[in-house]
Amino acid sequence: MTRRATVDDIHAAALAMPHVTVERPGTRNPVYRVGGKAFVFFRTPRPDAVDPDTGERYDDVIVLWVGSDGDKMALVQDDASPFFTTPHFDGHPSVLLRASRVGEVERDELVELVQDAWLSQASRRRADGWLREHGLAP
Numbered sequence: 010m011t012r013r014a015t016v017d018d019i020h021a022a023a024l025a026m027p028h029v030t031v032e033r034p035g036t037r038n039p040v041y042r043v044g045g046k047a048f049v050f051f052r053t054p055r056p057d058a059v060d061p062d063t064g065e066r067y068d069d070v071i072v073l074w075v076g077s078d079g080d081k082m083a084l085v086q087d088d089a090s091p092f093f094t095t096p097h098f099d100g101h102p103s104v105l106l107r108a109s110r111v112g113e114v115e116r117d118e119l120v121e122l123v124q125d126a127w128l129s130q131a132s133r134r135r136a137d138g139w140l141r142e143h144g145l146a147p
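Residues in the sequence shown are numbered from 10 upward in steps of one, following my numbering.
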């Protein structure tokens, strides 16, 4: 039986991937990297991510890399989806998710998104090795 995701699931899934480092550049918000490339990070408030009703800046935005623009569109096109983007991320292979809405996603789906984020940023050698180890040969 699946369960709803938590923010802790994001941290656990990111840390479960190989060759991951965690940085906290100037803030308490972690940035998960593989080979020096970020694949998940917890963003500080920015003027481009605001509540459309109140104008209040979102202070809990999580950025997850995606493999392609098609993957991004599949996640953000549904108005009921908790995933979104902002003009700042136009053309960037990532989606945004508020920590306050993580529970709207099933844990297994979120773990898969974190794994896909890692795969999109890992070197070909690391990605292919991970896929083979998990029976998902490239």
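Just so you know, these hints were derived from the structure itself, not from any lab. Errors might be hidden in some of the hints.
Pairwise CB distance ranges (calculated) [stated by the list, open to error]:
1. Asp117 x Lys46: 19 to 27 Å
2. Ser132 x Ala89: 30 to 38 Å
3. Pro27 x Arg52: 32 to 40 Å
4. Arg133 x Asp68: 20 to 28 Å
5. Gly138 x Ala21: 31 to 39 Å
6. Leu24 x Pro102: 16 to 24 Å
7. Gly64 x Arg134: 40 to 48 Å
8. Thr15 x Gly144: 24 to 32 Å
9. Pro56 x Asp88: 37 to 45 Å
10. Ser109 x Asp137: 34 to 42 Å
11. Asp137 x Ala89: 33 to 41 Å
12. Glu121 x His97: 24 to 32 Å
13. Pro54 x Leu145: 31 to 39 Å
14. Pro27 x Pro102: 36 to 44 Å
C-beta: ideal position from N, C-alpha, C; glycine also.
Starting from the hint 19 to 27 Å, judge whether the C-beta atoms of aspartate 117 and lysine 46 obey it.
-> Holds, at about 25 Å.
Falls inside 37 to 45 Å, the C-beta gap from proline 56 to aspartate 88?
-> With Cβ atoms ~23 Å apart, the hint is violated.
Taking the CB of glycine 64 and the CB of arginine 134, does the distance hold inside 40 to 48 Å?
-> Given range 40 to 48 Å: holds, Cβ gap about 46 Å.
Could you tell me whether the CB distance from proline 54 to leucine 145 stays inside 31 to 39 Å?
-> This hint holds: roughly 37 Å between Cβ atoms.
Does the Cβ pair proline 27, arginine 52 satisfy 32 to 40 Å?
-> 24 Å, violated
Using the C-beta atoms of serine 109 and aspartate 137, is the stated range 34 to 42 Å upheld?
-> 36 Å, holds
Do serine 132 and alanine 89 keep their Cβ atoms within the hinted range of 30 to 38 Å?
-> 36 Å, holds
Regarding proline 27 and proline 102, is the given constraint of 36 to 44 Å on their beta-carbon distance met?
-> Given range 36 to 44 Å: violated, Cβ gap about 21 Å.
Starting from the range 31 to 39 Å, see whether the pair glycine 138 and alanine 21 falls in it by beta-carbon distance.
-> At roughly 21 Å between Cβ atoms, alanine 21 and glycine 138 fall outside 31 to 39 Å, so the hint is violated.
So does glutamate 121 sit 24 to 32 Å from histidine 97, Cβ to Cβ?
-> 25 Å, holds
Between arginine 133 and aspartate 68, does the C-beta distance stay in 20 to 28 Å?
-> Given a distance of about 36 Å, which is not inside 20 to 28 Å, the answer is violated.
Can you let me know if the beta-carbon spacing of leucine 24 and proline 102 is within 16 to 24 Å?
-> 22 Å, holds
Hint compliance for this structure: hints 3, 4, 5, 9, 14 are broken, all remaining hints hold.
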